[in-house]
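Q: Residue numbering for the sequence shown follows this note's numbering, beginning at 645 and increasing consecutively.
Check the hints yourself; a few may be wrong.
Quick list of the computed label-pair ranges, beta carbon to beta carbon [said to hold, decoys possible]:
1. A1101 <-> V1124: 21 to 27 Å
2. L744 <-> L663: 29 to 35 Å
3. I1027 <-> L737: 28 to 34 Å
4. A1043 <-> V1111: 50 to 56 Å
5. N938 <-> H673: 51 to 57 Å
It is worth saying that the hints were derived from the structure and are not from the lab. Each residue gets a CB set at the ideal place from its N, CA and C atoms; glycine is no exception.
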Amino acid sequence: MLKYNAIANFVGRSWAGLLGLALVPIQIHYLGIEAYGLLGFFASLQAIVALLDIGLSTTANREIAIRLNTPNRAGECRGLVRTLEIFYGAEALVIVVTFLVGAGRLSTDWLNVQNLQSNDVRIVAVIYGITIALRWPISLYMGVLQGAEKQIDANVANVVVATVRNLGAIGIIALVSPTIIAFLITHVIVAVFEVVLMATLAWRALPAATGPTGIFNIQSIRSLWRFSASLGVNSFVAALLKQSDRILIGKLLTLVDVGYYSAATTIYAGLSLFTLPVVSAVFPRLTALFANGNDEELAILFHKTAQVVSFISALVTGMLIFFSYDVLLTWTRSEDVAAHAARVCSMLALASMFNSMMQIPFALQLAAGITWIALLNNTISVIALLPLMYVLISEFGMAGAGMGWVLFNIVYYLLIPHVAHRYVLQREKWRWILADTLPFIIVSCVLFGTAYFTVQALRIQHSLSAVGIIALAGIVYILVFIAMYPSIRSFMFDLSLRNPLFQRLIGCGQFHLTQK
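Start from the sequences and build out the full structure, keeping to the hints where you can.
A: Here it is as structure tokens:
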């Protein structure tokens, strides 16, 4: 079931993300780079607003997994979810009010707008607030479905919703009104459908209740507040850290620069489409194994999934580090965007390589209930990195943000494992470094670096020839690790089209919203 859940997450996230990536050039064409930059700025604001979650969605994931794997506790799930729903409803109201009140100040006092009207920016802020509020409980429902290991249902729903939202919005701006307001109104309409669908799936995944489910029950979450609050504070600091770049660029530079930077971040962030599904699938199982004290199986699962995540991340980021200009040009069909965004995209890809390899260790810490390590790391990083990022962006523009992220993630990769493995899987630290991550980094950089310098040395102008060399490097990379690692062989086999789950998810037959 674990590998099926991982594949379901992989297909669901990949479809949604790749569809979004494919449509970005169309968005830029119809809306313009400044409007696209405005969307990127509000995406960062949305991530900061997500701080109101205070770790409740991850807590729901963890607690549902624990209750379903603990005798006589499965019936508590419905009471827990109903209580959390009320919290999320109150937070959604706060979000709407905040955006209504702050829209005017944001449009005039913070953003450096060149071509857009300030009144349009204010309206966009209000619509964005409504969309965020409508979609706010979805993270809770996703946490419930992941904790119940119902990722197949969740990802089929995600595929449907992402398709309707993305194609619907593109259809509106292409055929009806090429404005950012029309684009976002479509998102509001789809958000209503999405929250109803996800709520239905989440409640169907829960067993019968043993207590009240229709009222607020503070007792059901009293024991969770310490973990959730700690995780929430960590999420606050992490979001402040991760979104500081676009917020500072929006203040220090222009919305056009935010647009270029958003294009770069969209490309490198696409890596998460391939790694987060594995993390999402493995987290409930890590939690259950730790709760049951099964350290041997916990270590085996930890290393296998860490190797898979490293395999995926080094393959994608290695290509982006050396060929970001070519990727951006092919993707956007805009030499202007590629020229402005390529340098920072390469830096962000390098940073992302190290960051993505820390996802499984972070999931292990959360499964063990350890949140203070990440909180301490992020707090120190905010204190040190934000002033540095301000100086670097002021001095070097967008590239300064990339420099800051490379520095942060290399230090993160080198230091945190030495702390974390003192508290969980104490004997597995060096195996994680020497077997689970470092070989993938080295082989990726050597192969794609060689491909890059070959293209430069031969002065290859024909795009198909360059693509052939890049593809050869990727194929050699895949074959090397298929030969070296049983976990990679198993992963590649599970992605085969012969897998019935894969066929089901990509639409060979019909979609089903219930697992058979």
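Q: Against each hint, give a clear statement of whether it holds in the structure.
A: Results for each hint:
1. A1101 <-> V1124: 21 to 27 Å: 23 Å, holds
2. L744 <-> L663: 29 to 35 Å: With a Cβ separation near 31 Å, L744 and L663 satisfy 29 to 35 Å, so the hint holds.
3. I1027 <-> L737: 28 to 34 Å: Given a distance of about 33 Å, which is inside 28 to 34 Å, the answer is holds.
4. A1043 <-> V1111: 50 to 56 Å: 27 Å, violated
5. N938 <-> H673: 51 to 57 Å: 53 Å, holds
Of the hints listed earlier, the one the structure fails to meet is number 4.
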